[in-house]
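**Q** Next come the chains, spelled out residue by residue.
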Amino acid sequence: MPVMRRSKIRQRLLIMLVTGIGGMAAAAISFASAVYDAANPVPVPVIGKDQVVDTGRWRVTINGAHMSSLPPTGTKPFEPKRFLLVDLELDNRSVASSNVFMNLITIKDDAAPLQPKPTYYLARDKWIASAINPNMPEKLVAAWEWPADRPEPQTLSLAIGKQIYKPRDNLYGAPNWFDDGEAAVVELPVTQAVETTEQ
Amino acid sequence: MSAFRTLLLCGLAIAALYGMRNSTPGYGDITAPIAIRGAVGERVETRDFAFGAASVHLARQLKVESFGRVKDFSTSGIWLVIEGAAVSKTETMTLMSAEWLASNGVRYALSQRFSTVPGYLPTERLEPGLPRPVLLAFELPEAAVDQGTLLVARSRVSPLAEELSIALGDKKPAEIKPSVTIARSGSGAPWTLAAH
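Here the protein sequences come in this chain order: A and B. Per my numbering, the first sequence runs over residues 1 to 199. Per my numbering, the second sequence runs over residues 1 to 196.
Hints in this document: simulated from the structure, not taken from any laboratory. These figures come from a predicted structure and were not determined experimentally. Glycine included, C-beta positions come from ideal geometry on N, C-alpha and C. Some hints could be false.
Derived, one-sided and incomplete: chain A residues facing chain B with beta-carbon distance under 10 Å [what the hints assert, rightly or not]:
{"#": "1", "residue": "LYS8"}
{"#": "2", "residue": "GLY20"}
{"#": "3", "residue": "GLY22"}
{"#": "4", "residue": "GLY64"}
{"#": "5", "residue": "VAL95"}
{"#": "6", "residue": "ALA96"}
{"#": "7", "residue": "SER98"}
{"#": "8", "residue": "ASN99"}
{"#": "9", "residue": "ASN103"}
{"#": "10", "residue": "ILE128"}
{"#": "11", "residue": "ASN133"}
{"#": "12", "residue": "GLU138"}
{"#": "13", "residue": "TRP146"}
{"#": "14", "residue": "ARG168"}
With a straight-line cut-off of 25 Å between C-alpha atoms, the simulated DSS-like cross-links for lysine-lysine are [what the hints assert, rightly or not]:
{"#": "15", "chain 1": "A", "residue 1": "LYS81", "chain 2": "A", "residue 2": "LYS166"}
{"#": "16", "chain 1": "A", "residue 1": "LYS76", "chain 2": "B", "residue 2": "LYS63"}
{"#": "17", "chain 1": "A", "residue 1": "LYS76", "chain 2": "B", "residue 2": "LYS71"}
{"#": "18", "chain 1": "A", "residue 1": "LYS162", "chain 2": "A", "residue 2": "LYS49"}
{"#": "19", "chain 1": "A", "residue 1": "LYS126", "chain 2": "B", "residue 2": "LYS177"}
{"#": "20", "chain 1": "A", "residue 1": "LYS126", "chain 2": "B", "residue 2": "LYS71"}
{"#": "21", "chain 1": "A", "residue 1": "LYS139", "chain 2": "B", "residue 2": "LYS71"}
{"#": "22", "chain 1": "A", "residue 1": "LYS126", "chain 2": "B", "residue 2": "LYS89"}
{"#": "23", "chain 1": "A", "residue 1": "LYS139", "chain 2": "B", "residue 2": "LYS171"}
{"#": "24", "chain 1": "A", "residue 1": "LYS139", "chain 2": "A", "residue 2": "LYS76"}
{"#": "25", "chain 1": "A", "residue 1": "LYS49", "chain 2": "A", "residue 2": "LYS8"}
Cβ pair distances, simulated, as ranges [to be verified]:
{"#": "26", "chain 1": "B", "residue 1": "SER74", "chain 2": "A", "residue 2": "ASN99", "range": "14 to 24 Å"}
{"#": "27", "chain 1": "A", "residue 1": "ILE128", "chain 2": "B", "residue 2": "ALA13", "range": "53 to 63 Å"}
{"#": "28", "chain 1": "A", "residue 1": "PRO147", "chain 2": "B", "residue 2": "ARG69", "range": "27 to 37 Å"}
{"#": "29", "chain 1": "A", "residue 1": "PRO147", "chain 2": "B", "residue 2": "PRO131", "range": "48 to 58 Å"}
{"#": "30", "chain 1": "A", "residue 1": "LEU14", "chain 2": "B", "residue 2": "ARG5", "range": "13 to 23 Å"}
{"#": "31", "chain 1": "A", "residue 1": "ALA148", "chain 2": "B", "residue 2": "SER115", "range": "26 to 36 Å"}
Throw the hints in and build the complete structure from the sequences for me.
**A** Rendered as structure tokens:
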């Protein structure tokens with residue numbers, strides 16, 4: 001019957017139109033919200049030293065920064081070097097030991113990022129730190145080797161990265177932690193430490 | 001009536017999909033290692049290797065003697081030192097992963113702070129058929145020792161591989177020693193433990 005068929009085709013056309021417009025609207029809204037979020041980033045709080053930063057997985061407290069010619073081990077390097085030492089406290093709030101914090105704390109300097117990465121030392125033992133265990137807060141010293149051709153800093157701003165936990169990631173559906181921007185920027189003065197002579 | 005039925009069917013489909021999504025085990029669950037249970041003091045076998053934990057010690061501080069120097073390793077918790085033996089069965093291998101699973105589900109990785117301890121598990125190469133004495137050390141809060149289990153596997157990320165799960169049971173040491181010294185030994189086991 002031609003009349004029935006025509007109405008069926010019209011119904012189908014309507015359905016295609018509704019789903020098409022709906023899908024395009026969804027894509028447009030999602031794209032627009034992504035663009036809007038990128039254009040209006042949530043401001044990262046800037047805080048001073050001795051304040052606890054809760055990044056979700058870690059609780060980080062930056063306690064101070066100073067320049068020194070000795071690494072935290074106290075062993076004088078063969079060639080004279082300058083070290084930027086940052087005292088910090090870390091508390092692992094996750095369910096497993098982790099050394100990810102080594103990638104999360106970076107010096108915020110857009111002009112010239114400082115390479116290489118810092119070495120972390122346990123403040124207790126004056127020895128190189130490894131993974132930090134849950135429920136065992138530790139005091140650490142991060143040591144950056146300061147380039148000889150750069151002036152020594154008077155102030156320092158450290159970016160504390162944060163991570164989010166996904167019980168199912170987007171690729172495999174596996175549980176994992178993923179980087180998620182910055183939790184806070186810590187600004188603190190750099191003091192010139194009194195030179196102690198050891199060894 | 002027909003519209004109502006369509007809506008009802010849609011709702012049912014969404015509910016069914018939601019239920020299926022939530023009851024499906026995740027990738028982490030379906031590829032988790034297969035646990036092989038054992039206890040301290042007995043040999044526990046997997047297809048590829050066997051491991052036995054012989055004795056367990058608790059200490060507030062570890063001292064490691066190497067090249068004539070004694071290095072102190074302090075901890076904010078306590079040290080759990082396990083002496084055992086491992087043997088591979090099919091090929092040369094290294095047991096790279098050892099964790100302490102506390103009763104509340106928190107996992108503590110094997111301490112990575114030693115580089116010169118003889119017989120330390122992740123540095124020991126196991127040849128097929130030749131048992132080697134191995135040493136493990138964990139840094140734990142005191143509360144994590146009770147009811148804990150030792151997990152040993154070939155590597156941290158190995159889907160569907162076998163993993164030993166060794167219960168401490170009643171083999172928990174009675175006292176926490178103030179300090180334990182690990183020194184190199186000339187014969188027998190490659191180290192000696194001395195408590196102070």
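**Q** None of the hints should be skipped; say for each whether it holds.
**A** Status of each hint after checking the structure:
1. LYS8: violated (14 Å)
2. GLY20: violated (19 Å)
3. GLY22: Since the shortest Cβ distance to chain B is 14 Å, the answer is violated.
4. GLY64: violated (20 Å)
5. VAL95: At about 5 Å, which falls below the 10 Å cut-off, the nearest Cβ of chain B leaves the hint on A/VAL95 intact, so it holds.
6. ALA96: holds (4 Å)
7. SER98: holds (8 Å)
8. ASN99: holds (8 Å)
9. ASN103: Cβ of A/ASN103 sits 16 Å from chain B, so the hint is violated.
10. ILE128: holds (8 Å)
11. ASN133: Holds - the Cβ of A/ASN133 comes within 10 Å of chain B, reaching about 5 Å at its closest.
12. GLU138: OK, holds: A/GLU138 within 10 Å of chain B, min 7 Å.
13. TRP146: Nearest chain B Cβ about 26 Å off; hint violated.
14. ARG168: OK, holds: A/ARG168 within 10 Å of chain B, min 5 Å.
15. A/LYS81 / A/LYS166: Cα-Cα ~42 Å, so violated.
16. A/LYS76 / B/LYS63: Measuring from Cα to Cα gives roughly 23 Å; hence the hint holds.
17. A/LYS76 / B/LYS71: holds (18 Å)
18. A/LYS162 / A/LYS49: Between A/LYS162 and A/LYS49 the Cα gap is close to 18 Å, so the pair holds against 25 Å.
19. A/LYS126 / B/LYS177: holds (23 Å)
20. A/LYS126 / B/LYS71: Roughly 11 Å separates the two Cα atoms, so the pair holds.
21. A/LYS139 / B/LYS71: holds (19 Å)
22. A/LYS126 / B/LYS89: violated (41 Å)
23. A/LYS139 / B/LYS171: The hint is violated at about 33 Å.
24. A/LYS139 / A/LYS76: holds (22 Å)
25. A/LYS49 / A/LYS8: Outside the cut-off at roughly 71 Å; violated.
26. B/SER74 / A/ASN99: 14 to 24 Å: holds (19 Å)
27. A/ILE128 / B/ALA13: 53 to 63 Å: Check passed, 57 Å falls within 53 to 63 Å.
28. A/PRO147 / B/ARG69: 27 to 37 Å: At 32 Å between Cβs, range holds.
29. A/PRO147 / B/PRO131: 48 to 58 Å: Given about 51 Å between the Cβ atoms, the range holds.
30. A/LEU14 / B/ARG5: 13 to 23 Å: Given about 19 Å between the Cβ atoms, the range holds.
31. A/ALA148 / B/SER115: 26 to 36 Å: Given range 26 to 36 Å: holds, Cβ gap about 29 Å.
The structure does not agree with the numbered hints 1, 2, 3, 4, 9, 13, 15, 22, 23 and 25 stated previously, though it agrees with the rest.
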